[in-house]
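Trainee: Going down the list, the sequences are from chains A and B.
Position in the first sequence counted from 1, then plus 855, gives you the working numbering.
Position in the second sequence counted from 1, then plus 177, gives you the working numbering.
None of these hints come from the bench; they were simulated from the model.
Positions of the beta carbon are idealized from the N, C-alpha and C atoms, including for glycine.
Hints may be right or wrong, so weigh each one.
Which bits of chain B does chain A cover? Going by a derived footprint, with three or more residues having C-beta under 8 Å, they are [to be verified]:
id	stretch
1	320-330
2	345-358
3	372-386
A partial selection of chain B residues facing chain A, derived with a Cβ cut-off under 10 Å [claimed, not checked]:
id	residue
4	E234
5	M238
6	Q241
7	E296
8	L315
9	Q316
10	E425
11	Q445
12	E449
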Amino acid sequence: MAETKQELIDLRQILEIPQRFATGPVMGRFLRELRDNQRIMANRCPKCGRFQLPPREVCAICRVPVTEFVAVGPEGVIQSYDLVYYASPDPLTGKARQAPYTTVNVLLDGVEGKDTLWHLLNETDPKKIKRGMRVRAVFSETRTGSIHDIKYFEII
Amino acid sequence: MAKNRNVGIIGIGQTVHSSHREEVNQPEMIHEAVELALKDAGMTMADVDCIVHGNMELFEMIHQPDMWHVIGDGAVGKPGLRITTGGTTGATLVCAADTLVASGMHDVVMAIGFEKLQEGHTTGGITNMADPLWGRELQTGALTGMTADAMIEEFGEERAKYAAMKHRLIMDQHAMLNPNAHRRFGFVEEMLPAMIANTPPLVGELRIVHMCSQSDGACAMIFASEKVVKKRKAKAAWVKDHVTVHREETFNLFGNVEEITTMRYAAQKLYERNGITDPRKQIDVFEMYDPSSWWGLDWIREFLMLEGDEHLKMVEKGEIGINGKFPINPSGGVVATNPIGATAMVRVAEAAMQIRGTAGAHQVKKPVKLALASGFGGTLWTVLVLLSKKRPKLAEK
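Chain A extracted, bound-state conformation:
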């Protein structure tokens, strides 16, 4: 570094990248069932019997294809949750998310095994949320085949 103080220039850039992801027949069916039938479909491993949510092509533990779909929920139990105060950027928009918000892992009624569905809970008062509480999925009026087809879970 020179002895005279040098101005340090930094360059500022913002990236915007339109993205499009294929969902495939398994995740695609899960999203279609949400959109068309307001139904949450898990799939069941033919070997170990565990349910997967969202459904996945194979059971990664048994290493076999998973083809049987089973409707579960829409009610269930809070397994774990995160009450988020930090306003992180939403990678889909680049804008800061509105905090606080609560993400929740719900063990839906009918699920065999421990796989939970990960979504939002419409409650941000820490005194009102407890693990083990019963919740239900609230579906959006306009559904497009995405995570937003479920609006959020609400405490029953």
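Keeping the supplied structure of chain A fixed, place chain B upon it in accordance with the hints.
Mentor: Just chain B now, with coordinates in the frame of chain A:
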């Protein structure tokens, strides 16, 4: 694990880690670590056969950063590999360098891990790790309060919160001894109740002060074959073994399906292979990738294969302190310093410094013969690296 030949760590270089290395660009910052590692090994670039280079590209959004960095890392005209495995990158770089030398492909390999987190967005980058079909809109980087919740439920609010903050205090006391560490607050025991009550929360009971920093920094390490180590009479920390454990992918990140954590599973494998039945007695120091003081506290139980509240007692009694019975992170750990692509490598580098006796003010006082280092990343993956002062006996193949 059967190796063709032994591999020694003979050169280590670390930059000063800080929130803003405004005065250098990426290749310049990496160059600092490379120069220090070469100097430590008594080598020049002419002695290095191969470069292994890595970081987590989605932070700075520079793809193939090794192309830009060639002017700082000395790789011109040399074979090279670029590795990126999320948080574990630094440990994977170590595993790759070890494998390249052990296999006989190269005699001297330099591994370089770096990150300049000020040049991108850390939490936004990690959120993009979530599967794009579902989790991206829910994930908040690596921030979660679930471990805090589980520990509060298991051990009671007062005890769990105190133990996590005590872990944070001990790490800060260590960082104060490490001139390269990023966050050096100078916390004292009397501040604990106020820190527990008043520090701002990120997610649930995970508070800013518990969480690892976002740092700029680089680390370079030189790995050499036994022949080179002997010929140069180099001071070596030997790579005794390493193990990498993956788990099911991102959809199930918080699904709680697993019965055994990757930390405990990796430890089990490593200890079995190396005759370790009592890790706290047989291992002298542990450099753990502790992304937060809640995880750091919880994982002591997993890595050391403990049951019940044994890990809490170790922290409450200060046994993990630099002069304690089982020192953890004399460097200050990841909660103090976290240039992510270098972070897991810094764990191995710090463990090697303890074995080589070159850690300076944060050298543990007891003799260090066996040191353990861990890497964390991906969707709760674990890498464990075991280093020894004594040259390992090569296993029969």
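Trainee: Against this structure, judge whether each hint is valid.
Mentor: Hint-by-hint comparison with the structure:
Using a Cβ-Cβ cut-off of 8 Å, 7 residues of the stretch 320-330 of chain B lie near chain A, which meets the minimum of three, so the contact claim holds. With 0 residues carrying a beta carbon less than 8 Å from a beta carbon of chain A, the stretch 345-358 of chain B misses the three-residue requirement, and the given coverage is violated. Check on the stretch 372-386 of chain B: 5 of its residues sit with their Cβ under 8 Å from a Cβ of chain A, so the three-residue criterion for coverage holds. For B:E234, the suggested interface contact is broken, since its CB lies about 13 Å from the closest CB of chain A, more than 10 Å.
At about 6 Å, the closest approach between the beta carbon of B:M238 and any beta carbon in chain A falls short of 10 Å, and the interface hint on this residue holds. Evaluation of the B:Q241 hint against chain A yields a violated restraint, the C-beta minimum of about 16 Å exceeding 10 Å. For B:E296, the shortest C-beta to C-beta distance to chain A is roughly 9 Å, which falls under 10 Å, so the interface hint holds. Residue-level restraint check for B:L315 holds (minimum Cβ-Cβ distance to chain A is 5 Å; threshold 10 Å).
Satisfaction of the interface hint for B:Q316 is found here, the shortest Cβ-Cβ separation to chain A being roughly 8 Å, below the 10 Å cut-off. With a cut of 10 Å, the hint placing B:E425 at the interface with chain A holds, because the nearest CB-to-CB distance is about 5 Å. Below 10 Å, beta-carbon pairs count as interface contacts, and B:Q445 has none with chain A, the closest being about 17 Å; its hint is therefore violated. For B:E449, the interface hint is violated, since its Cβ never comes within 10 Å of a Cβ in chain A; the closest pair sits about 21 Å apart.
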